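Residue numbers (our numbering), protein chains in the order written: chain A, 542 to 835; chain B, 2 to 404.
Calculated directly from the structure, the hints in this document are not laboratory data. It cannot be assumed that every hint is accurate.
[Claimed, not checked] Keeping only pairs whose Cα atoms sit at most 16 Å apart, straight-line, the calculated EDC-like set for lysine to aspartate or glutamate is:
{"id": "1", "chain 1": "A", "residue 1": "Lys764", "chain 2": "A", "residue 2": "Glu810"}
{"id": "2", "chain 1": "B", "residue 1": "Lys164", "chain 2": "B", "residue 2": "Asp233"}
{"id": "3", "chain 1": "A", "residue 1": "Lys648", "chain 2": "B", "residue 2": "Asp150"}
{"id": "4", "chain 1": "B", "residue 1": "Lys127", "chain 2": "B", "residue 2": "Glu107"}
{"id": "5", "chain 1": "B", "residue 1": "Lys214", "chain 2": "B", "residue 2": "Asp233"}
{"id": "6", "chain 1": "A", "residue 1": "Lys655", "chain 2": "B", "residue 2": "Glu38"}
{"id": "7", "chain 1": "B", "residue 1": "Lys245", "chain 2": "B", "residue 2": "Glu302"}
{"id": "8", "chain 1": "B", "residue 1": "Lys120", "chain 2": "A", "residue 2": "Glu810"}
{"id": "9", "chain 1": "B", "residue 1": "Lys95", "chain 2": "B", "residue 2": "Glu295"}
{"id": "10", "chain 1": "B", "residue 1": "Lys226", "chain 2": "B", "residue 2": "Glu189"}
{"id": "11", "chain 1": "B", "residue 1": "Lys100", "chain 2": "B", "residue 2": "Asp150"}
{"id": "12", "chain 1": "B", "residue 1": "Lys374", "chain 2": "A", "residue 2": "Glu824"}
{"id": "13", "chain 1": "A", "residue 1": "Lys758", "chain 2": "B", "residue 2": "Asp171"}
{"id": "14", "chain 1": "A", "residue 1": "Lys650", "chain 2": "A", "residue 2": "Glu599"}
{"id": "15", "chain 1": "B", "residue 1": "Lys70", "chain 2": "B", "residue 2": "Asp30"}
{"id": "16", "chain 1": "B", "residue 1": "Lys336", "chain 2": "B", "residue 2": "Asp390"}
{"id": "17", "chain 1": "A", "residue 1": "Lys650", "chain 2": "B", "residue 2": "Glu11"}
{"id": "18", "chain 1": "B", "residue 1": "Lys164", "chain 2": "B", "residue 2": "Asp143"}
{"id": "19", "chain 1": "B", "residue 1": "Lys80", "chain 2": "B", "residue 2": "Glu236"}
{"id": "20", "chain 1": "A", "residue 1": "Lys632", "chain 2": "A", "residue 2": "Glu654"}
{"id": "21", "chain 1": "A", "residue 1": "Lys648", "chain 2": "B", "residue 2": "Glu302"}
{"id": "22", "chain 1": "B", "residue 1": "Lys353", "chain 2": "B", "residue 2": "Asp325"}
{"id": "23", "chain 1": "B", "residue 1": "Lys276", "chain 2": "A", "residue 2": "Glu824"}
{"id": "24", "chain 1": "A", "residue 1": "Lys648", "chain 2": "B", "residue 2": "Asp325"}
{"id": "25", "chain 1": "B", "residue 1": "Lys214", "chain 2": "B", "residue 2": "Asp400"}
{"id": "26", "chain 1": "B", "residue 1": "Lys374", "chain 2": "A", "residue 2": "Glu817"}
{"id": "27", "chain 1": "B", "residue 1": "Lys3", "chain 2": "B", "residue 2": "Glu295"}
{"id": "28", "chain 1": "B", "residue 1": "Lys146", "chain 2": "B", "residue 2": "Glu173"}
{"id": "29", "chain 1": "A", "residue 1": "Lys650", "chain 2": "B", "residue 2": "Asp30"}
{"id": "30", "chain 1": "B", "residue 1": "Lys326", "chain 2": "B", "residue 2": "Glu295"}
Just so we're clear, the structure is a prediction, and the values are computed from it rather than from any experiment.
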Amino acid sequence: MAVCVYRTSRVLVQGITGKEGSYHAKACKEYGTKVVAGVTPGRGGQEVEGIPVFNTVEEAVRETHPNVSLIFVPPPFAADAILEAVGSGIKTVVCITEGIPIHDMVKVKSVIEKEGVTLVGPNCPGIISPGATKIGIMPGHIFKRGSVGVMSRSGTLLYEVSDQITRAGLGQSTCLGIGGDPIVGTDYIYWLKLFEEDPETEAMMMIGEIGGNAEEKAAEFIKSGAITKPVFAFIAGRTAPPGRRMGHAGAIIMGKSGTAASKYEALREAGVHVIENPGIIGETIAQVLKEKKL
Amino acid sequence: MKLHEYQAKEVLSGYGIPVPEGRVTYFPDDAWMVAMELGLPVVLKAQVLTGGRGKAGGVKLARTPDEVKEVAKDLFGKKLVTKQTGPEGVIIRKLLVEKAADIGRELYFSITIDRTTSKPTVVASKRGGMSIEEVAEKYPEDIIKIPIDPVTGLLPYQIRRLKYDLELVDQEKEAAKVFNALYKVFVEKDCTLVELNPLVVTKSGHLLAVDAKMDVDDDALFRRKEISKMRDLTESDPSELEAKIAGLNFVRLSGNIGCMVNGAGLAMTTMDVIKLAGGEPANFLDVGGAATPETIAKGFEIITRDPSVKAMFINIFGGIVRCDKVANGIIQALKKVEVNMPVVVRLTGNNKEEGMETLKKSGMRFYVAENLKEAAKMVSELSRETEADINKSKQQKKDKEEK
């Protein structure tokens, strides 16, 4: 199995007629993902890459029964798009859009918590279960079906690390971007739990970065004994200056909190295999797993 | 986007929040005239986009006309170094001149978005006038935190609690008005922070926002044109500004290795891996997912302008963007921008082989690295060698001159 998204997942693409939306709908389809419908208001009745387009999510759901929505809608309208998917009964939403106003996300977060919806992102590359389904913008060929579950706040780092894992002779069960914004749909804990329960996953890789305290909270959770599988972690931004936003809206050190050092310390204390050198992540995981098996 | 104090007060005042009478000034004479109009004593406050102004000497009281002249002359054009600015400091170009408040008690009141709960949250304390970090350290029991449900907004019972905890029973109506108005500003102006520190209870028993800070979400400026217009570019780093306009994310650092990377996380990691290899990154630069010849050329231009840069590291993970396209972009950019330093390139991901082939065929000299670890080691060594070469030739020149 994998977690959250599977070969059977039926995907709706919101914003499918845009440049990004159409390009990636096609790329997902080519990877083997079941893209069943697209939505762009005012473009109902058209087709994109053989995928039927509807005016509303409600109509797309009624006609094609998707259970995952992938969103490429521009930032001013993206929060509304997420809520439209939720309002139409979709329980898994993947939002790629970067730059959604934080006050919009405050509202979205309050709704998805009440409705029990899994929101991957926003400001993320999406989610992939290698060999089964790709729901996002990641380059599919660097992933290989295998046993490591990977979660990351950054897109390109997710690629870098997954690529290293593949090159080290391992593979991934599911890889996903949590999102680079201050408010995102899920935290590490949510995925750690899923990976712990997933029989295919043997180890987990957390890719964190400076800012916020999601990594510290995950460390606390792991320390409580809830996770028995080996967890590896890397934190980007140990050399970042405080008070400056490093690309991602969420990547900013405030005072003493949110530094790479404090995150590393918390993770180490929780028994996580901390990898401070980003050049050797793949080989380190392979080595540790090999030793464990002996 | 950070607002100046005078701008924040303008906005707050529009929502009925009481602020001291005053005006922003641009010249010493101007400051003096405003002070005379307001009546003494007055407070002269440096308008710079950084915290810690008071401690750094940017806020001064003046009791006599001569004092006003003296203080204004002293502050205008002065370099203010606060713990947030770093040693380079920031030049004072504007002074807010305000009637000095008749301070009875100082409170702290702010609204921000708590990342842990994803909710707007009131943070308040009856100990105002010092930084909230200091209060948190010394008197953690005196900090009140109230999360607000975005659906219901700030509720009457929450305001009642604040009234009792902040000892504002005598100012009950006024306090409710100020708190409600502040929450309204917070939502309607898409703030990530509004902070009144201090919020003063005057000797005559009225509330007055003596200092105000307001940060607005950059991502919401498209719908807050009135705030967007207030942007003050005089304190921005020109290169960072230029990068922003070109759609690049650039942050200047103090080292000598220029970095060009696609993706924020990978850009941060590139800095880290350089440091681990013993090098010092000169910047954070995320050229974004697209990495076109234009953005790459702009990146080269901005990086090479910094005289301390001695070597460059281009680190591209071809995810959406293909490596051969990026390689073409690099070659085209190098035709436009002269780069007199070693350049280490690491391309991986989509069409990596074609990309490497393109670079080799170009006849230009690149140091090509297979992986992150190797690339970082290479560029760190090259930066040291170049630095040493430059020092050596400088020394030789000096020796010659001495002879």
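To see whether the hints hold, each was checked on the structure:
1. In summary, the hint linking Lys764 of chain A to Glu810 of chain A is supported, as the alpha carbons are separated by about 8 Å, within the 16 Å threshold.
2. Between Lys164 of chain B and Asp233 of chain B the alpha-carbon distance is near 36 Å, which puts this suggested pair outside the 16 Å criterion.
3. A hinted pair counts as satisfied when its Cα atoms are at most 16 Å apart, and Lys648 of chain A with Asp150 of chain B qualifies at roughly 9 Å.
4. With a CA separation close to 7 Å, the supplied pair Lys127 of chain B and Glu107 of chain B stays within the 16 Å bound.
5. For the given pair, Lys214 of chain B sits about 15 Å from Asp233 of chain B by alpha-carbon distance, which is consistent with the 16 Å threshold.
6. With a C-alpha separation of about 56 Å, the suggested pair Lys655 of chain A and Glu38 of chain B falls outside the 16 Å cut-off, and the hint is violated.
7. Straight-line distance between C-alpha atoms of Lys245 of chain B and Glu302 of chain B comes to about 14 Å, which keeps the hinted pair within the 16 Å bound.
8. Distance restraint check for Lys120 of chain B and Glu810 of chain A: the Cα-Cα separation of roughly 29 Å exceeds the 16 Å cut-off, and the hinted pair is therefore not satisfied.
9. At roughly 37 Å between alpha-carbon atoms, Lys95 of chain B and Glu295 of chain B are farther apart than 16 Å, so this suggested pair is violated.
10. Straight-line distance between C-alpha atoms of Lys226 of chain B and Glu189 of chain B comes to about 12 Å, which keeps the hinted pair within the 16 Å bound.
11. For a cut-off of 16 Å, the pair hint linking Lys100 of chain B to Asp150 of chain B is broken: about 37 Å separates their Cα positions.
12. The hinted pair formed by Lys374 of chain B and Glu824 of chain A meets the criterion: a straight-line CA distance of about 12 Å does not exceed 16 Å.
13. About 42 Å separates the Cα atoms of Lys758 of chain A and Asp171 of chain B, which puts this hinted pair outside 16 Å; it is violated.
14. Distance check on the hinted pair: Lys650 of chain A and Glu599 of chain A sit about 21 Å apart at the alpha-carbon level, beyond 16 Å; violated.
15. The straight-line distance between the Cα atoms of Lys70 of chain B and Asp30 of chain B is roughly 8 Å, inside the 16 Å bound, and the hint therefore holds.
16. Pair hint Lys336 of chain B plus Asp390 of chain B does not hold up; C-alpha atoms about 25 Å apart against a cutoff of 16 Å.
17. A hinted pair counts as satisfied when its Cα atoms are at most 16 Å apart, and Lys650 of chain A with Glu11 of chain B does not qualify at roughly 32 Å.
18. Of the pairs offered as hints, the one joining Lys164 of chain B and Asp143 of chain B holds, with about 14 Å between alpha carbons and a cut-off of 16 Å not exceeded.
19. Annotation: proposed proximity of Lys80 of chain B to Glu236 of chain B holds, straight-line Cα distance about 12 Å (limit 16 Å).
20. Only pairs whose Cα atoms come within 16 Å are accepted, and Lys632 of chain A paired with Glu654 of chain A is accepted, the gap being roughly 11 Å.
21. With a C-alpha separation of about 41 Å, the suggested pairing of Lys648 of chain A with Glu302 of chain B is violated against the 16 Å cut-off.
22. Under the criterion of a C-alpha separation no larger than 16 Å, the hint pairing Lys353 of chain B with Asp325 of chain B is consistent with the structure, at around 7 Å.
23. Our distance criterion of 16 Å between C-alpha atoms is broken by Lys276 of chain B and Glu824 of chain A, whose separation comes to about 20 Å.
24. Taking the CA atoms of Lys648 of chain A and Asp325 of chain B, the gap is about 42 Å. The hint is violated against a cut of 16 Å.
25. Restraint check for Lys214 of chain B and Asp400 of chain B: the C-alpha separation of about 56 Å exceeds 16 Å, so the hint is violated.
26. Proximity of Lys374 of chain B to Glu817 of chain A is assessed by CA-CA distance (about 12 Å); at most 16 Å being required, the pair is judged to hold.
27. About 30 Å separates the Cα atoms of Lys3 of chain B and Glu295 of chain B, which puts this hinted pair outside 16 Å; it is violated.
28. Our distance criterion of 16 Å between C-alpha atoms is broken by Lys146 of chain B and Glu173 of chain B, whose separation comes to about 19 Å.
29. Between Lys650 of chain A and Asp30 of chain B the CA atoms are separated by roughly 52 Å; this puts the pair beyond 16 Å, and the hint is violated.
30. Taking the CA atoms of Lys326 of chain B and Glu295 of chain B, the gap is about 12 Å. The hint holds against a cut of 16 Å.
This entry does not satisfy hints 2, 6, 8, 9, 11, 13, 14, 16, 17, 21, 23, 24, 25, 27, 28 and 29, going by the numbered hints stated previously.
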